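S.K.: Residue 34 in our numbering sits at position 34 of the sequence shown; the count goes up by one each step and never skips.
Think of the hints as simulated: they come from the structure by calculation, not from any bench. Just so you know, nobody snuck in bad clues.
Computed Cβ-Cβ distance ranges for the label pairs, DEER-style:
| id | residue 1 | residue 2 | range |
| --- | --- | --- | --- |
| 1 | 222 | 191 | 42 to 48 angstroms |
| 2 | 225 | 182 | 33 to 39 angstroms |
| 3 | 134 | 105 | 41 to 47 angstroms |
| 4 | 116 | 223 | 26 to 32 angstroms |
| 5 | 69 | 239 | 24 to 30 angstroms |
| 6 | 223 | 191 | 40 to 46 angstroms |
| 7 | 195 | 138 | 41 to 47 angstroms |
Computed from a prediction, not measured in an experiment: that's the story for all the values here. All C-beta atoms, glycine included, are put in the ideal place defined by N, C-alpha and C.
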Amino acid sequence: MDFEAFRPFVVQASLTRLAEAQRSCYDPGLRADVEKRLHPDPSNPLEQSLHDDLSGFLKVLDPLDTSTGGGTASAVAGAMAAALVAMVARLSKSNPAVAGLPSYDEIASWGTDLSADLMAGSREDSEAFEAVRTALRRPKQTEGEQLARRDAVQVAWTRAASVPLRNAELCARVLGLARALDGRSNPGAASDLDCAVYLARAGLLGCAANVRINLPSIKDPDAAAALARRLAEVLTAAGK
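Produce the complete structure using the sequences and hints provided.
M.R.: Dropping the structure here:
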């Protein structure tokens with residue numbers, strides 16, 4: 001998809017949905033109407049894609065929505081950091097190249113891709129949490145139902161730890177790109193790069209916290225240990 005061709009539509013749709021979502025948070029009477037009007041047209045792939053990518057972000061802004069929390073918010077923070085990194089790289093292309101480091105075009109491209117991946121990751125985090133709630137609501141009257149529920153719950157908890165782990169990995173990559181620009185970016189965008197670093201750190205640590213809180217619910221000790229080891233590797237590599 002050529003994002004630049006749809007930028008005006010994306011900006012307008014985002015601002016409209018953000019404003020309406022914020023208003024609906026505090027007026028229950030508006031919530032149903034807003035949700036109905038923001039429902040995407042299934043025959044329009046672009047509208048559906050935008051709706052999916054914005055859904056997690058809008059849920060984070062809604063204090064009445066308990067289906068989305070810190071994991072989604074952390075992924076969104078990482079997505080914003082990546083977008084800022086891409087912007088700073090584009091604003092710094094007139095700077096002399098530094099031997100052994102990626103080009104500004106490469107950093108901008110990677111930042112753009114990471115931003116999209118983390119927005120998708122924010123939605124996946126919300127979906128993973130909802131999957132846990134769905135699994136916990138499964139019937140458990142018979143022995144067969146209990147076994148099926150137990151297996152479903154474990155699959156869901158493993159996913160609920162794996163998704164923020166993947167998002168933590170992406171945030172760590174964003175942080176690495178931001179550091180690559182340190183000292184070689186447009187001075188006029190210095191505060192933007194600082195913000196990218198702060199947001200990437202927040203995203204990384206927030207995602208890590210969501211991995212840790214879900215690990216005790218995973219009954220397979222080997223699976224839980226493998227996730228914990230990978231998280232430690234990500235944090236160590238990122239200097240955290």
